[in-house]
Amino acid sequence: MNSVRLVGDVLLEDRRSAYQAVLGSEYVTAAASFHGVDLADVANGHAGCVEICREALDAGIRVVAHGPSAGELGDFKKLLDDSDGRLRLAHSVRFDNKYTLPHEESSDRKLGDVITVRVIRTGSDERDFSVEELNVFDALLLFGGEVQRVFTRRNSVLSDDVNTSLSVIRYSNKAIGYGEACTAYRRGYFYEVIEVAATDGMLEYDSFSRTNRIIGDDGIEIVDSYHVTPLQAMVEDYVAHFRGDRVSSVPDAQTMELLDLAMASLASSVSPAAVTA
Amino acid sequence: MNRLRMGAISFDHGHQYGWCGAHLQLPMVELVAVAEWIPEQVDRVKSVLVSPEGAMRALADERQGPVRFHEDYHELLARDDIDAVSISSANRYHLEHTEAAANAGKHVILEKPLATNLDDATEIVQVCETAGVHLSTAYPTRFSPPAMEAKRRIDRGEIGEIVSMHATNHLRQSTAGWFLDPELSGGGTIRDHIVHGTDLMRWFSGKEVVEIYAEGDTLARPEIEVDDVAMLLETFEGGIVGSCDPSWNRPMTAAVWGDVMVRLLGTEGAIEFDITGNYISRTLAGGGQSAEAWEAGAIQGYITHMSYQEDSNLWYVKDFAEAILDDRKPLVDGIDGWYGVACIEAAYESVKEHRVVEVPRYPGNGA
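For the record, the sequence lines run as chains A and B.
For the first sequence, this note's numbering assigns the number 279 to the last residue and increments by one with no breaks.
For the second sequence, this note's numbering assigns the number 583 to the last residue and increments by one with no breaks.
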């Protein structure tokens, strides 16, 4: 990307080598401060995300956060409110063609009214669970719209930390959703399902076949959806937004809606009843 | 007795044809008579099964005699040359037909779900216990090749202790007839379709469902009178949380009728399969989930098992027949069906209340 230069990173050593392989080692240096940085990309999904974001905002720079931990949702929301537009949540699924393609297809109602949505993202602890959980909720909102109520069970599977979240949601338009985020599987494993069923057809993607399938009146159409990397599309969108070139394709209201759903889900996870989102 | 003599009562549910195919083919079973009284179904039953030239008669082995037809099922039950019956009537009539069969001393294969309410389900199980006949709930999905392969691998300890379970049992938006009459069916997709996935998860884990949260509604075809989409979270004994999606939400143009898909995560690996997916199951075995195991190179990747494409009805009826002949319980019994109904009732209550509902335990000792 010509308009963006990576000037420094605060990465774990094992991740730095991966970034160097992609970006070129000349761009990757350990950064001890935010000096010379316009935009910080905070990919820490564990507790501490909010603190890092606040520090960067206090240093006067802009921040993209990939996901606060569940315990930080309220603080993150407040930070977002107070950030004067300098803090944005990553929303990576909204820049991922696997997700945007079925969203476009379902938005124009060619397949009728959406009736069920299933989003599953299961992998290993190489992924940040908090980020995965937010990605699942974000996708559920993308396809089904406003949520009326949510019921969630979160637990720790083969780990001391919460790493599994199963949610059933009811949309305001009556459609039903299921979301599953899990990082308890073995390393190297990632299973992803996107399924939007409508009155006159459905859209599905799974990570085994790696294709989007549109099932309508004319049978099954298979669409290759790999054109751009989601992170690149997101960074382009956000940089343009920060520069004032154009408004981001992800309005702040969607971020607030996502955080509200995540907070309602968290509340329902210790409740015997669904919680209004 | 070295051969089980079967009667078939009612073809309301098309599964009866599958079972009759098994009755005709299996060497330890003979189909003696069939009973059907609904005019629209009588002709087909006669032409396919009773007529010597019937299409299904080609399946029969040489020992199979003529198949007698009865328009009154009581006449079939009064025959002394029948040991057991397969009943596939509309759900509402399961108690009536099972009670009559048990009182006539016939062992019973009963279509799922066992009943339209838990009281009927309890009575169905107990009337068979009292009569001393075996009752088997028709869950042939346990006998599908990938499910049997998964069970063998689980029992060998290949994935360790199960810690997470998920199942789907989708169907095209195709259900018709009495299934859409709430008086006859007792409900839609929750009544009809949570039982297979839930039963497989019970069977694989050896744990009962203790509570359920469910959402359900009529959305795919708003004009029908029963629910056609649903999503369930099921908490099993030991705190394992699983999911079950029974929705009749597939388009009519979908490549297959639906699925019965199961994903299991264990302490040492994972298994996933779909019985409609060319009978392929994938097993992630060995090494566990730990970073240490990964770094030690203990991960072996997928083991893909391709099973023979065999009819699960054959294996299901074979187990039932051998159980009767050997005087043992069938692999799927009435209590398994009772728990299916208990989960159905809990799910419907949860749909109304928007809260978790406890699943009761079977009140008797069970047999």
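Just so you know, the hints here were simulated from the structure itself, not pulled from any lab data.
You may find that some hints are simply not true.
Straight-line C-alpha distance at most 20 angstroms; calculated SDA-like pairs for lysine to any residue [claimed, not checked]:
#1 Lys176/A - Asp433/B
#2 Lys568/B - Pro274/A
#3 Lys176/A - Glu441/B
#4 Lys176/A - Thr434/B
#5 Lys112/A - Lys568/B
Chain B stretches covered by chain A per the calculated footprint, using a threshold of three residues with CB under 8 angstroms from any CB of chain A [said to hold, decoys possible]:
#6 218-226
#7 236-246
#8 325-331
#9 378-387
#10 425-433
Partner residues are not named here, just some residues of chain B that face chain A (Cβ under 10 angstroms, in silico) [to be verified]:
#11 Pro255
#12 Glu256
#13 Gln257
#14 His290
#15 Pro438
#16 Ile456
#17 Asp461
#18 Ser463
#19 Arg466
#20 Arg479
#21 Thr492
#22 Val572
Note that the structure is predicted; figures quoted are calculated from it, not measured.
By construction, the Cβ of each residue, glycine as well, lies at the ideal position given by its N, Cα and C atoms.
Verification of the hints:
Using a Cα cut-off of 20 angstroms, the hinted pair Lys176/A and Asp433/B holds, with the two alpha carbons roughly 8 angstroms apart. A distance of roughly 14 angstroms separates the Cα atoms of Lys568/B and Pro274/A; the hinted pair therefore holds under the 20 angstroms criterion. Distance hint between Lys176/A and Glu441/B is fulfilled; the C-alpha atoms sit about 16 angstroms from each other, no more than 20 angstroms. In summary, the hint linking Lys176/A to Thr434/B is supported, as the alpha carbons are separated by about 9 angstroms, within the 20 angstroms threshold.
About 32 angstroms separates the Cα atoms of Lys112/A and Lys568/B, which puts this hinted pair outside 20 angstroms; it is violated. Figure legend: the region 218-226 of chain B, annotated as covered by chain A; annotation inconsistent (0 residues with Cβ-Cβ distances under 8 angstroms, at least 3 required). Counting residues of the region 236-246 of chain B whose beta carbon lies closer than 8 angstroms to any beta carbon of chain A gives 0, which falls below the threshold of three, so the coverage claim is violated. Under a criterion of three residues with beta carbons nearer than 8 angstroms to beta carbons of chain A, the stated coverage of the region 325-331 of chain B fails, only 0 such residues being counted.
Under the rule that three or more residues need a Cβ within less than 8 angstroms of chain A, the assignment of the region 378-387 of chain B holds, with 3 such residues. For a cut-off of 8 angstroms, the count of residues in the region 425-433 of chain B with a CB near a CB of chain A stands at 5, and the three-residue condition holds. Annotation: Pro255/B was flagged as interfacial toward chain A, and the flag is violated, the nearest CB pair being 34 angstroms apart, outside 10 angstroms. Evaluation of the Glu256/B hint against chain A yields a violated restraint, the C-beta minimum of about 29 angstroms exceeding 10 angstroms.
For Gln257/B, the shortest C-beta to C-beta distance to chain A is roughly 31 angstroms, which exceeds 10 angstroms, and the interface hint is violated. Hint on His290/B is violated. Least Cβ distance to chain A is approximately 44 angstroms, over the 10 angstroms limit. At a threshold of 10 angstroms, the smallest CB-CB gap from Pro438/B to chain A is about 8 angstroms, leaving the interface hint in force. Contact between Ile456/B and chain A, as hinted, is supported at the beta carbon level, the nearest pair being about 9 angstroms apart and thus within 10 angstroms.
A distance limit of 10 angstroms between C-beta atoms decides the matter here; for Asp461/B the minimum to chain A is near 6 angstroms, and the interface restraint holds. Satisfaction of the interface hint for Ser463/B is found here, the shortest Cβ-Cβ separation to chain A being roughly 6 angstroms, below the 10 angstroms cut-off. A hinted interface residue such as Arg466/B counts as satisfied when its beta carbon comes closer than 10 angstroms to some beta carbon of chain A; here the least separation is about 7 angstroms, so the hint holds. With a cut of 10 angstroms, the hint placing Arg479/B at the interface with chain A holds, because the nearest CB-to-CB distance is about 8 angstroms.
For Thr492/B, the shortest C-beta to C-beta distance to chain A is roughly 14 angstroms, which exceeds 10 angstroms, and the interface hint is violated. Interface restraint check: Val572/B against chain A, minimum CB-CB distance 5 angstroms, threshold 10 angstroms, status holds.
When the structure is compared with the earlier hints, violations turn up for hints 5, 6, 7, 8, 11, 12, 13, 14, 21 and for no others.
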